[in-house]
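Participant: Chains as they are written, first to last, in my numbering: chain V, 1 to 323; chain G, 1001 to 1668.
Hints are supplied without guarantee of correctness; some may be wrong.
Taking lysine-lysine and the DSSO-like style, the derived pairs with C-alpha atoms no more than 30 Å apart in a straight line are [unchecked claim]:
{"id": "1", "chain 1": "V", "residue 1": "Lys268", "chain 2": "G", "residue 2": "Lys1626"}
{"id": "2", "chain 1": "V", "residue 1": "Lys59", "chain 2": "V", "residue 2": "Lys205"}
{"id": "3", "chain 1": "V", "residue 1": "Lys158", "chain 2": "G", "residue 2": "Lys1065"}
{"id": "4", "chain 1": "V", "residue 1": "Lys60", "chain 2": "V", "residue 2": "Lys158"}
{"id": "5", "chain 1": "V", "residue 1": "Lys268", "chain 2": "G", "residue 2": "Lys1065"}
{"id": "6", "chain 1": "V", "residue 1": "Lys60", "chain 2": "V", "residue 2": "Lys300"}
{"id": "7", "chain 1": "G", "residue 1": "Lys1626", "chain 2": "V", "residue 2": "Lys119"}
{"id": "8", "chain 1": "V", "residue 1": "Lys119", "chain 2": "V", "residue 2": "Lys276"}
{"id": "9", "chain 1": "V", "residue 1": "Lys158", "chain 2": "G", "residue 2": "Lys1424"}
{"id": "10", "chain 1": "V", "residue 1": "Lys205", "chain 2": "V", "residue 2": "Lys60"}
Calculated from the structure, these hints are not laboratory results.
These figures come from a predicted structure and were not determined experimentally.
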Amino acid sequence: MRRSVPVLSGLRPLGLAALITASTALSSLAQESTDPIKLTLHDWTGQLITTQLMGEVLKKAGYSVEYVQADYLAQFPGLESGDLHVAMEIWETTGREAMDASVATGNVEILGPTGMQAKEEWWYPTYMKELCPGLPNWEALKDPACAEAFSTAETAPKGRYLGGPVTWGGFDEERVEALDLPFEVIHAGTDAALFAELESAYQRKAPVLLWIYAPHWAPAKYEGEWVEFPTYSVECYNDPAVGVNPDMAYDCGKPFGDIWKVGWAGLKDKWPGAHKAITAFSIDNAEMGQMITEVDLNGKTIEAVVADWMAANEARWSAWIAG
Amino acid sequence: MTAIPTTPGSRGLLAPRLVWGLALSLAAALWLWGQTLAPFAFDYPKAWQIPAARWIGGFITWLVKEAAIGPLAFSDVTRFLAWLIDLPYRAVLSLLATGMLSGEGSSAVQLWPPLPWLAVIGLFALIGLFAGGLPLALTVSACMGFVAVFGQWQSAMVTLASIIVAVPIGVLGGLLLGILAWRVPLVDRLLKPLLDLMQTMPVFAYLVPILILFGFGPTAAIVATLIYAMPPMTRITTLALQRVPSEIHDLGRMVGCTPRQMTWRVLVPAAREPLMVGVNQVIMLSLNMVIIASMIGAGGLGFDVLNALRRLDFGAGIEAGFAIVALAIALDRLSQALARRARGALPQGGALQRHPYLAAALALVAVTWVLGLILPAIQTYPEAARLSTSPFWAAAVEWINLTFFDTLEAIKNAILIGILVPVKRFMLSLPWVAVVALLGLAGWRLGGWRLAALTAALSFLIAATGQWEKAMITVYLCGVSTLIAMAIGLPIGIAVANRDRAWTITRLVIDTLQTLPSFVYLMPVVMLFRVGDFTAMIAVVAYAVVAAIRYTALGLQGVDPRLIEAGRAMGCTDWQILTRIRLRLALPEILLGLNQTIMFALSMLVITALVGTRDLGQDVYIALTKANPGNGLVAGLAIACIAIIADRLIHAAAETQRARLGLSGHAP
């Protein structure tokens, strides 16, 4: 049996090496390549689970799968060149820019939403409600006494809001100005730093107001709530006239967004069946939140959690790879 | 650094003081009253900016997409190189971690298991025994045993595989480049600034182009590691060959060596000791890159550290971090011992007697491999016997947090408001024109016109590419951290230099600080001090203090004991001996230590960006995340400019000192 190797990969020395290695026969997918499909692993649990779920499903369909550890944003050149094939979680909220730039090259395509919704917003632990009774309504933050409760020596009398890394964007400075909140925005450099601060404050029951996103283990581990800002709309971000403040944009909350699957453009020619299965993959926030909690808080291994899900949802994943 | 070195070379002369006085008062006048008269001196006008980011970005795109050598595209050449590196890597990886596989990915079948963990520890012990006797064998086995007991074996073998491939390439490449530079002075002159760039440019700045050119995965990581780890080997090779005594040259010529024989049979062996220092540096710096390499697909221990910290599992992070340290110590001590091992007479007898170690190694591998097929515990370290300290570390951090947070917060606020904030404001208020002029003046006083042109031009370039503000924040953060690191490192260096025991312990501590990924202790520090400049400063000081201690101690240890005796004979007190004789004679080394402290501090910028500073390191990081190689390289170049200015000025100051002390004969 001869394998069809696209011209692109034949040019690469690695592709040549793959040609030399003996090919093993696959019964159900005779026309498709037996090269391993490379899925990228990043450094947060949810993504590891999503990716391994997909990987296990593909294995069931008879594909060879390889997991490659890669940085969330540095992976795009790899996807463009076909060194990597699938990235399972690109968040609308943090990865849109890099994803769009990559798709524009024509070598990367979006394989549809994962079904999960990214939520990001200002968040506080429940014990802060005693000091700031009006919460979660955002207008409570305008009260100087409330802002002072969130302050530190460097920001007093203004409150301190710990934003995400500058690379995440988020328009928090603009939001503070447009909504006239007596707060100062401090940026954490990475999300590890973000949660280190939360952990520290939570242990001491100290004030903290910060950027939290979901699906993540933090909302499951710590008791707290998201601040309720005026609902996001595209117009609110683009048109100053829309929203609470008639002169400024960004006078509303952050957008919710899809989490996207992204793949190398050559995927659908090399592994058409896998392309279909990956596009069909869908899972929701509640399922994912539960699995993340199992792993990060209850100490189960990712493999075990993935196996449990596979056993419980056989009908669903069978449909993805059927036909 | 405010770049105002005091008392250059010539003492007692009125002229230099006058020059400095005049220059400083002019600068002060500009600073105080210039804001309204000459606003361009403060904010570099946008209209004059050089669009360097666009040019460099364009060049990278061209290099990646269009550049060709004859009919071969440049990227095909780099892909071929990647393939060449990949071959040995796959081989070592299958030996250590994955086993012999048939096929790829998840459909691969393991034909033959990897080396059992007991065999690897045994091999390390045998090499230790061969190179340094029983104590070394025990140290090395303890290091590798640590890795196994804490359940880091699989990841550590992946990391070890990439180190085993990267180090020989780095050593050989560095050696060849160094020899070339020694032979051809032109190459030397061209190579020097390039080596400076390779060492000071943050890796994040060139990561994206490397990924495109070499493909995603372990090979790109190895290439990035080589760029960072090779320069010391090249420098040391050139230096070592220059230092080979002329008698040895004469000897070579007398026995009629060809140039090739001269190099490989005479000079390189004669320079073996300093060359081994280079090998050691390549090993250490390669292990330094483990975290960043894991971000681009190298996996291994670096990935474990990152993943653990994402979960705030400090214990797991610390265990993976110390596994890196254990690997570093084992490899370092082995390479040092191999260098020191004198070549004895060849033993006589049959093959077995002539190669007892090789025979033992083969026997060990064969026995463990066979036993491993029967007893799985010999093949892979048993899960049940693993230790974990995670709960302990989590509890420890929580206890410190609950008990000491308020005290620590008060100290932090005092330092922040008393020192950091005022210095930052001052640095940001300085007019760039005055800073460029003063740097030029310092260059002229210390090293003449050429140095003046270099320092002024490089600092002007930072302003002209629109990075002045970020650069000043960088200088403030690194400057304050360097001062603190020197203030801590100098006394420690003085205290331990001549006490053998204390020095051994200190060396262990600073080796650990140098190889433990700073990420491991950065997150607990964030918990105690919040994100911001103070936390960044702690991380920088913890890393940079290593250089301050090491070079101070080396300098003091090198002081000729006869001079101290002479001082004592003349009735000097201990204090006088320290300040008048020992410190003075060690000054060139201490200045070199200052230089290295600054370099270490600058190399931490990428890490500090991860806790939320707003300096050049952050620019590099943002450029990486937005896949914008132009911006990243320009910010990286600005960091390199700062490093080169500091390096050249301090080097010139050290030369002046050396000349004054009459030491110019034997520079380190």
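Participant: Please go over all the hints and tell whether each is borne out by the structure.
Facilitator: Outcome of the hint check:
1. V:Lys268 with G:Lys1626: holds (27 Å)
2. V:Lys59 with V:Lys205: Violated, because 46 Å separates the two Cα atoms, which is more than 30 Å.
3. V:Lys158 with G:Lys1065: violated (51 Å)
4. V:Lys60 with V:Lys158: At roughly 56 Å apart (the allowed maximum being 30 Å), V:Lys158 and V:Lys60 break the hint.
5. V:Lys268 with G:Lys1065: Holds - the C-alpha atoms of G:Lys1065 and V:Lys268 are around 24 Å apart, at most 30 Å.
6. V:Lys60 with V:Lys300: The hint holds at about 23 Å.
7. G:Lys1626 with V:Lys119: Holds, because 22 Å separates the two Cα atoms, which is no more than 30 Å.
8. V:Lys119 with V:Lys276: holds (27 Å)
9. V:Lys158 with G:Lys1424: holds (21 Å)
10. V:Lys205 with V:Lys60: violated (48 Å)
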